[in-house]
Amino acid sequence: MKFFTVLKNIWSIKELRERILFTLALLMVYRIGTFIVLPGVVPAALDKASQNRGGNDLLGLINIFTGGAFDNAAIFALGVMPYITASIIVQLLGFAVPYFQRLQTKEGESGRKRLNQMLTVAITLVQGGGYLQLIRSIPGGVSPEVPEGLFWFSNIIILTAGTIFCMWLGERITDKGIGNGVSLIIMSGIIARLPYAFSFEFVKLFGENRLLLFFVELAFFFLIVLATILVIQGVR
Numbered sequence: 118m119k120f121f122t123v124l125k126n127i128w129s130i131k132e133l134r135e136r137i138l139f140t141l142a143l144l145m146v147y148r149i150g151t152f153i154v155l156p157g158v159v160p161a162a163l164d165k166a167s168q169n170r171g172g173n174d175l176l177g178l179i180n181i182f183t184g185g186a187f188d189n190a191a192i193f194a195l196g197v198m199p200y201i202t203a204s205i206i207v208q209l210l211g212f213a214v215p216y217f218q219r220l221q222t223k224e225g226e227s228g229r230k231r232l233n234q235m236l237t238v239a240i241t242l243v244q245g246g247g248y249l250q251l252i253r254s255i256p257g258g259v260s261p262e263v264p265e266g267l268f269w270f271s272n273i274i275i276l277t278a279g280t281i282f283c284m285w286l287g288e289r290i291t292d293k294g295i296g297n298g299v300s301l302i303i304m305s306g307i308i309a310r311l312p313y314a315f316s317f318e319f320v321k322l323f324g325e326n327r328l329l330l331f332f333v334e335l336a337f338f339f340l341i342v343l344a345t346i347l348v349i350q351g352v353r
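The sequence shown runs 118 to 353 under our numbering.
Calculated directly from the structure, the hints in this document are not laboratory data.
There may be inaccurate statements among the hints.
Below are the DSS-like pairs computed for lysine-lysine, each with C-alpha atoms no more than 25 Å apart in a straight line [to be verified]:
1) Lys131 with Lys119
2) Lys321 with Lys165
3) Lys293 with Lys125
4) Lys293 with Lys131
5) Lys230 with Lys293
What follows is a set of in silico ranges between Cβ atoms, one per label pair, in the way DEER data are often shown [to be verified]:
6) Gly247 with Ser129: 26 to 36 Å
7) Gln168 with Lys125: 17 to 27 Å
8) Glu132 with Asn297: 13 to 23 Å
9) Asn233 with Thr345: 19 to 29 Å
10) Gln208 with Trp285: 13 to 23 Å
11) Glu262 with Ile137: 43 to 53 Å
12) Phe139 with Lys230: 17 to 27 Å
13) Gln350 with Glu132: 18 to 28 Å
14) Pro215 with Met118: 56 to 66 Å
15) Phe121 with Asn326: 35 to 45 Å
16) Leu178 with Gln208: 18 to 28 Å
17) Gly351 with Phe121: 16 to 26 Å
18) Gln250 with Leu178: 16 to 26 Å
19) Val348 with Ile308: 40 to 50 Å
Cβ atoms here follow ideal geometry from the backbone N, Cα and C, with glycine treated the same way.
Generate the whole structure from the sequences, applying the supplied hints.
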């Protein structure tokens, strides 16, 4: 009852209610983008390839973080991963390279943000090229009716624009919503793929007659979530 009382009190505050609705609306926009397939890509071939690959490899992990957009070859296939990579590189350069250290000190947060954005675009172009090559390596993954040059040119631009748009969504959530926008975008993708991950693990362990291990994993998952909440509350 206390839990529902807290939710009622939160919803009764107009500003907080508007921030929650704004955050949910932008997250819904992001989730819609994870299902819009790149032009020239054949979704059926990608589905077949992802089923044969399984869900426990590196590409499956990337797919979880992007909320299924990676396997769908969606316009948000790269998500905010290039942005996170760029943020890490900028922070390391600020510590290791004196020039970037002076640059960040001179221009402050705005300079660091601009450098982060430019590096994000560069990383997205590289990762986008590798991702499109991966799609082309899948038998029947690209429609033969689409010219190769047009496929590369248009989809590189779309993937880059998709990542920049995800960055913009994250910044708007941080400014006018609740919490850190980029973290919430990643979280929404993970939560969206969580039922598929559970079902995949259940079917796998059930077929190997190790169903008890599945419930042990669920118990550990619950304990990890509980411990994370306790640590965050303790820090606050």
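Hints and how they fare:
no. : hint                           : verdict
1   : Lys131 with Lys119             : 21 Å, holds
2   : Lys321 with Lys165             : 18 Å, holds
3   : Lys293 with Lys125             : 21 Å, holds
4   : Lys293 with Lys131             : 13 Å, holds
5   : Lys230 with Lys293             : 18 Å, holds
6   : Gly247 with Ser129: 26 to 36 Å : 49 Å, violated
7   : Gln168 with Lys125: 17 to 27 Å : 44 Å, violated
8   : Glu132 with Asn297: 13 to 23 Å : 19 Å, holds
9   : Asn233 with Thr345: 19 to 29 Å : 27 Å, holds
10  : Gln208 with Trp285: 13 to 23 Å : 21 Å, holds
11  : Glu262 with Ile137: 43 to 53 Å : 45 Å, holds
12  : Phe139 with Lys230: 17 to 27 Å : 22 Å, holds
13  : Gln350 with Glu132: 18 to 28 Å : 23 Å, holds
14  : Pro215 with Met118: 56 to 66 Å : 59 Å, holds
15  : Phe121 with Asn326: 35 to 45 Å : 41 Å, holds
16  : Leu178 with Gln208: 18 to 28 Å : 23 Å, holds
17  : Gly351 with Phe121: 16 to 26 Å : 24 Å, holds
18  : Gln250 with Leu178: 16 to 26 Å : 19 Å, holds
19  : Val348 with Ile308: 40 to 50 Å : 20 Å, violated
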